Amino acid sequence: AQSVTQPDIHITVSEGASLELRCNYSYGATPYLFWYVQSPGQGLQLLLKYFSGDTLVQGIKGFEAEFKRSQSSFNLRKPSVHWSDAAEYFCAVGENSGYALNFGKGTSLLVTP
Amino acid sequence: KAGVTQTPRYLIKTRGQQVTLSCSPISGHRSVSWYQQTPGQGLQFLFEYFSETQRNKGNFPGRFSGRQFSNSRSEMNVSTLELGDSALYLCASSYGQGAINEQFFGPGTRLTVL
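Protein chains in written order, with our numbering: chain A, 12 to 124; chain B, 96 to 209.
A hint or two may mislead.
[Stated by the list, open to error] Far from chain A by the CB rule (all over 10 Å, computed), these chain B residues:
#1 ALA97
#2 PRO103
#3 ILE107
#4 VAL114
#5 ARG125
#6 THR175
[What the hints assert, rightly or not] Simulated restraints on C-beta separations:
#7 GLY52(A) <-> PHE164(B): 21 to 31 Å
#8 LEU121(A) <-> THR100(B): 25 to 35 Å
#9 PRO156(B) <-> SER37(A): 24 to 34 Å
Keep in mind the hints are simulated off the structure, nothing from the lab.
Model, not experiment: these values are computed from the prediction.
Where is the CB? At the ideal position from N, CA and C, for every residue including glycine.
Let's have the full structure, built from the sequences with the hints guiding it.
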């Protein structure tokens, strides 16, 4: 069965520290991969996406993610976290033959001073 | 360009009632998808409409239904509400079908069933 796993439910980092959020997927074909961010009371905002090509993709707000086919992973990274990055982060997988996005359960990021 | 709008933003209903939620997509977008977000189940796909036709449906009971109008606006309806239907309902729009088309999400409608 297709699935998306975000192993970390909560992560706490200090402001200015680096960040890595993990995402693993289980799909038969090469999927389309996404990272979304959700701030309290807000909808989802797309941070970045991977369809094909260069496995390191750059997104908005200084985020990047790397697709590793051998590990079925698509981890999100940021070199220096800002307090405004505190939010819920969702990894999602989709297929072009279908439209629904399959979301992970999310990782809640807390940024401490 | 205005974003995806959802109305109302908050709703309180009682068990057994029905509710209709509305979504206005970004101008020019023809596809609208609905998702249910709960703390326990996370984000789950409800259905997707394109050109006034339901193209995909998630694993939800028949109490959940929707429709899309000729101007691409969409509504979803939940009949015979249950406590477990309390959730944030998110609408997303995109220009075309398929995951390759970026989905833009609205702020959601928070439904509370008492």
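Comparing the hints with the structure gives:
Chain A leaves ALA97(B) outside its interface by the beta-carbon criterion, the shortest separation being 14 Å against a cut-off of 10 Å. Distance to chain A confirms PRO103(B) as a non-interface residue, since its nearest Cβ pair spans about 14 Å, more than 10 Å. Distance check on ILE107(B): its Cβ is at least 17 Å (rounded) from any Cβ of chain A, clearing the 10 Å threshold; non-interface status holds. Its beta-carbon lying about 19 Å from the closest one in chain A, VAL114(B) satisfies the requirement of being farther than 10 Å from that chain.
Remark: the non-interface label on ARG125(B) is consistent with the geometry, its nearest Cβ contact in chain A lying 12 Å away (cut-off 10 Å). The beta carbon of THR175(B) is kept farther than 10 Å from every beta carbon of chain A, the shortest such distance being approximately 24 Å. Evaluation of the 21 to 31 Å hint for GLY52(A) and PHE164(B) yields a pass: the beta carbon distance comes to about 27 Å. Judged by the Cβ atoms, the range 25 to 35 Å given for LEU121(A) and THR100(B) holds: they are separated by roughly 30 Å.
The given range of 24 to 34 Å is respected by PRO156(B) and SER37(A), whose C-beta atoms sit roughly 26 Å from each other.
In the structure shown, no violation is registered for any of the earlier numbered hints.
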